Amino acid sequence: MWRYIVRRLIWVVVVVLIITAFTFFIFFVMPPTDPAVQFAGKNPTPEQIAEVRRQFGLDKPVWQQYGLFLKNVFTGDEYGWPGLGFSFVTRSPVKDQLFDRVWVTISLAIGAAVVWLAIGIPIGIISAVRRGSLLDRGTMLGALFFVSAPVFWLGLMALWLFWYKLHISPGTGYVPISQSFGGWLSHMIMPWVVLALLYAAFYARMTRGNLIETMGQDYIRTARVKGLPERTVILKHGVRASLTPVVTLIGLDLGALLGGAVITETIFNLQGIGQWAVNSVFQGDLPAVLAVTVVVALAVTLMNLIVDVVYAYLDPRVRYT
Amino acid sequence: MGKRRQRLRLVGLALAVAMVAAACGGGDEGGGAPAAPAAAKGGVLRTATTDFGFTNGFDVTGEYLGSAFTMYGALVRTLVTYKHIAGPPGNVLYGDLATEVPQPTDNGLTYTYKLKPNVKFAPPLDRAVTSKDIAYAFQRINTQPLAAQYAVYYIGLIEGLDGKAKSAATPVSGIQTPDDQTIVFKLTRASGDFNYRLAMPATGAIPEEVAKCHTKAGDYGRFLIASGPYMIQGSDQLDVSSCDAQKPISGFDPSKKLYLVRNPNYDQSTDTTRTNYVDGIKFDIDTNLDDIFNKVQAGSLDSSFTDDAPPTVLQKYATDATLKNQIHSNNGDRTWYITMNWATPPFDDLNVRKAVNQVMDKQGMLQAWGGTVAGDIATHIMPPDVVGGKLGADYNPYASEGNRGDEAKAKEFMKQSKYDTDKDGVCDAAACSNLVMINRNVAPWTNMEPVVVSSLEKIGIKVKARELASSAAYTTIQTVKNMVPIALNAGWGKDYPDASSFAVPLFMKDAIIPTGNTNYALLGLDQAKAGELGIKFPAGVQVPNVDTDINACQELTEADQRNTCFADLDKKLMEQAAPWVPYLWNKVVVITNPSVTKYEFDQFSTEMSITEMAVSNKETMS
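One line per chain: the protein sequences are A and B, in this order.
Start counting the first sequence at 1; every next residue gets the next number (the numbering used here).
Start counting the second sequence at 1; every next residue gets the next number (the numbering used here).
One or more of the hints may lead you astray.
[Unchecked claim] Over 10 Å on every C-beta distance to chain B, these chain A residues come out as not near it, computed from the model:
# : residue
1 : Pro44
2 : Pro46
3 : Ile110
4 : Gly284
[As the list claims (entries may be wrong)] Derived DSSO-like pairs: lysine-lysine, alpha-carbon spacing no greater than 30 Å straight-line:
#  : chain 1 : residue 1 : chain 2 : residue 2
5  : A       : Lys165    : B       : Lys316
6  : B       : Lys618    : B       : Lys572
7  : B       : Lys462    : B       : Lys257
8  : B       : Lys257    : A       : Lys95
9  : B       : Lys212    : B       : Lys132
10 : B       : Lys166    : A       : Lys71
11 : B       : Lys216    : A       : Lys71
No lab work stands behind these hints, which were simulated from the structure alone.
The structure displayed is predicted, hence computed values, not measured ones.
Glycine included, each C-beta is placed from N, C-alpha and C at the ideal position.
In isolation and in its complexed conformation, chain B is listed as follows (with noise of 0.2 Å):
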């Protein structure tokens, strides 16, 4: 008997081992690696940059930068806004604090927006958002003392807002509040992508009864109220009784931190674009670059923010098979160029501007750039998604074999021009030599500069390249007295998804200011406006003018009308006026760890969708 309950046991053990064996086993030929856990609410998103490099110090009202705009996409609720995901469907625009969208009436020039009720901002204020905290964010925009960046977009557009009031008390004409769901928007013309403004996060909802304390350009940042899914942490303590007993908020520090949590008050049957997964979002400050790859690979961050992945750690990504998915790619939505200044030898000549885009070898600068993971190869002005795809690679007016640049056909252009006097296809004046080209200090900015010189030199185009600083490049490119022949270090991206904020800013005529000035080219130049910026107008020199083409197209209210419109006039501008050498429409690039169980990218701010994303980490904001 004894035996025999012996080997019972010894056959029960071995089916228990079976059991568990098979169950261990899977079904998947490799084995058991256990499947990614589906996305799910709760845990910190973690992660970090070398610097946040806020333009206007976090203040809703100034503030120009692309991260900044994500941030707020989870903080300020704008009267419309998009899905903050990736691709086409990231850039339709739906109703946030608005029921919907509205069409103009009045043949363009009235806006009428009702808002949904019950939608609060966070503590300590408690209180409905309403039509008269929208009016307060446009009285802010208009007043001059606050510089908001972008006030371009609603100056002369919306009446009686003029840029110039000299405090956000004063009311804005045009916005009218017959009630507190219902705001009014009158303008001065027809703008078909008024709606796109109104995304803009300068828009959004402001409390007079804090913001009116901060009377100085940048100086909100600190002390932002939400109305989004989340708030800054710390914000609830803020003390509101009175201006001087305002501190800045604990949850930022702009050379440190910003952490944001959850905003009580928020309601989410309000709002159909946010899912809001994780319970908090911690973006810190870490100076050493390779420490936060580092940490994101370690699992101490969750991602990497706006930072570029070093070329050693993207190739260690894209070439090892268990980190590939964790390397995520999208359209940047923007277009980094040569820039040719039109009113100096020998860029007044459109036969060298087509000479110069003609020879460039592009693919030797996507490589300096990192290669294909950095982005395509730009053959056109404005990225095809910003058109709708109406406009797409497959457009390249100035073709070469593996876009390696065509020496020869750019020499046919060059004949034609008359600073090629022996007609031999190279430059042979004195304006082609020895011109200043600026550029930025850093990778990948000096590692194209060797391609980009030795293409000029092919049609005899001699220049001196001069580094600084991204700040200092610009700030020199700018000054339009400063007359920069050519630069390396632009790039322009996207306002809002409508062609118009590339076209206008960059091609108007009425864009050339003396400082500050985004019309690098001088599209429109001409004696009378040369006269007013204190610079040489080109003698015997006809600037191209697109000013008609940019109006006709911004009177269109059809998103596709303007899309075609708006690819007509990038043909025109390649073909006719040359103002750049578009190089490269980039792709940003986040690494993630696999404690990240959804990724999603906002196309609006192309950068990460903070509130799209879902972590498994049990983190929580301590």
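Extracted from the complex, chain A is given alone in its bound form (with noise of 0.2 Å):
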């Protein structure tokens, strides 16, 4: 099993190298946004020009900036470590920025996950095991409705009537951790509950159905006759097998959030890395885009290997070399 980690671990290294030089290539070819030209404003010089292309290291051939970039990282800058440079638009180091922002979308991704696996699977389970009652249509209509409507929609809806009109949540913007616990618990909690009804409602049908199948295994059978209690035959028996492809999921699932909620993170303002990602994508802010592919692409691929070993644990089938 470690073997088969520690390769693993090799192959994230390579495919987020393959990522970020994709990127970085893209970048230079994409249409015509020239942060030097932007950044050097209003009738510009072409000695003006070239001197912020230089600054911005914009005049060194692509594959030396690219090589420049990887050193970077794994060396450190002026900036400190990691050396992501400074953004164009913010003339502030990267790094900085990253991790301010990286930190609200792990608040957000965590905190949704969470939510929507305490309301997704009591659910999808309660549904499975009284499957055609009136509960289990009421909830899976619930489940259809939220899987179809727009987080967008959602997010603007829980706004107008929490904060504008019932006065009971504080409104929009992220209130770190360390400054209130109070008060990053209030902000979060619209978000997480707002993101996370879309991936329960999944969940919740995902899990009723994998559970209904699991229920009619012969082993499920063959539990039940042996005498054991029905709630051990569902949890015990029944769900552990039903979750396995869930794990699947909340890892993927997970990893993208991590690369940010961006209609989310613009609906509630908090200034997370989805967001930022997009803004950058449109400044041409090379060093932010390049900071976020890195952080994306880590969290995609190291989330895949977490999962990977978390299933090799639970289905005992499952065996790496």
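Using the supplied hints, reconstruct the complex from the two chains, each of which is provided in its own coordinate frame.
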């Protein structure tokens, strides 16, 4: 197993290198957003543009710029480690902005994951166990609604109702947990729930389907015949087996969310990396785009590795060499 | 006796109730709405924007954004400035650091300013501003690595200022500081708008002991030391003992906030141009545009800032009697226009350009912007206030019924063009088809697009719109080699209240540069210039050149004469060059909460005037 993990970690590095290389080269063939010209302002002289290009490091050949970027990532630059350069737009170190924003996205992603698992899986189990009942039909209808409702609409509705009308929620924005735990929690509850509703619905439907299928297996019948309590049959034998696909999905979804839930971040004014990535692309802020690319690629590949390891733990039939 | 006492008590009670009712009733027919509180000092002005959009990291040497100018109006004192109020009175210059606005001497080649004593920098510097701080600001403008974005206003005009210095320590020979209270500028030529150029924020006092540590473009923004009535919150904590010790000021995070607090060293008696009602100003970033306007209505913000209100919000405020006085609309001194390239067919023919002007449905374009609340239909190039009212909307060389465009008249122009071979008023040459039209990919530009496309089709010009993000759209049309024939994305606002800030960068031959070009129409292009730029010069075409006209206007020093001269230039451009189709003189719309007891607009920055606004909230800057 350890050999497998080490091999996978090496592949993580390879994948991240390939993705950043693609991003780097795409940046230079994209539609013309020339950061040097943008930054040089109105009526710049050719000398001014050249000077800005030099300061941004854009005067070097593309392959040399990429090499320098890789070197700085591993060894650091004048702003510290990892060396991610400075933002063309804000003129501040990308590393500082990244660390500031990544905690917002982590808060959002993990919090939402906890909420959607806490809602989705129990509902899925109950629906499966009480298949065909009014409860089952009601919850699945609700799940269908939340799967269909766009996140931006849910977010705006939640803000309108809970903040604007009922004054229950403190509204948009992010309060760092180091500044105030209560402030952090009160500001995150609505984004968590809004983001989680979509996933909870999906996970409820998936858990229900998997559990129904699992409960029809021979070994479940055997467990019942052997006199095991129904709760044990369902939770220990049924749910455990039906959750393995769910584990895979959690990893993928969490990995994707750690790349930034752009719409949720924008609606709730959470300045995470998703929204930063979109703005940076439009503004031609290459260092910021690369920083986000590294983070997202790492998040997705590492989450996939964690999922595979957990999968092996859950399902004894799976063994890695 | 008991009953009598009871009756007396009842009468007394009735009288008391009557008195209270009278006090509450007021005298108004409609009943007791309380009068708005008078503007008073105190409180915090709270606003938000989706993105600061700074063009140079808020470094005053290079920053070229109108909203930054309104912030600098509170932070940085220049030799001369405006009163940061609306309309023509907001375009009048007064002494700020200088005791007065001087007249030039030496045939317009020398300007001498005397500084007011005891104007101090904010903590931690706590020292008086001197003439050397102004001279240092110009040294920074002259320093190439600092990318001063409007250095073009000073390069070649002030002796010794060529924009090529490698370091800000290099003095400019044409700027002399014989003593701490005197600064003298020597010019290479007379320029009647020189005082206006000295009101630009880049020329404000900059302390060398702090700024010398920031040698890259955009770096100084997070370390800015104020000389104005406000300072960035936390700037008093800046450790200026060494360059390494300086850490970014806590009150400014380019992606989150900019908070201003009162400068304890500011002396109101030295300043006749600012009132400074509020104790602090909070600019926060809020990525949700609707949320900003919801917060304004709910009262957790006092006003919107730079973001245009969504049409639904505008409609709500415009149609609700209780909200109408919270919507503020002022002239933005900006023209939005369609630009046409003189070097690309069919726009190398003046008749085609006139036909396009004549056929354009400007009313439809205005509706796409949201109607009259967005502004007024532009009938010529420079907004009326920019030419001192010398040329208003009544001058409309391509007038049509209801500003809907006049197809018949447009066809008459087209018939005279070489591109209409059968003279039916519709272009039938291949050059009129498949033309790329650059546009922005957001409303209202996308809303305008069908109006423009269908207007052009009436005279046989068929365009394919290419929608890009704003910065990409500008970069595309600013790169001359792209030879973009027609573009819908562009607008131009005055830099200072003199028409030269339109004429010089937009229509002079020397303003044509390979990248970052703003003379999109390429007026003044000739064979030699085309060769320098690496583009093909259209055969047999005489591209209009108005350099002589502009230079003649520039030499005038009296404002009225300058305005008349530039107004005449505007007419000449519209009739003999038709560089654009101007379609909108925009209005800047800001929505406030009733907590704003005094709203004011800064005509210079064309944003709200933060030193002249008052609020009723009792917040403090913690």
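Ascending list of hint numbers which this structure does not respect
1, 2, 4, 6, 7
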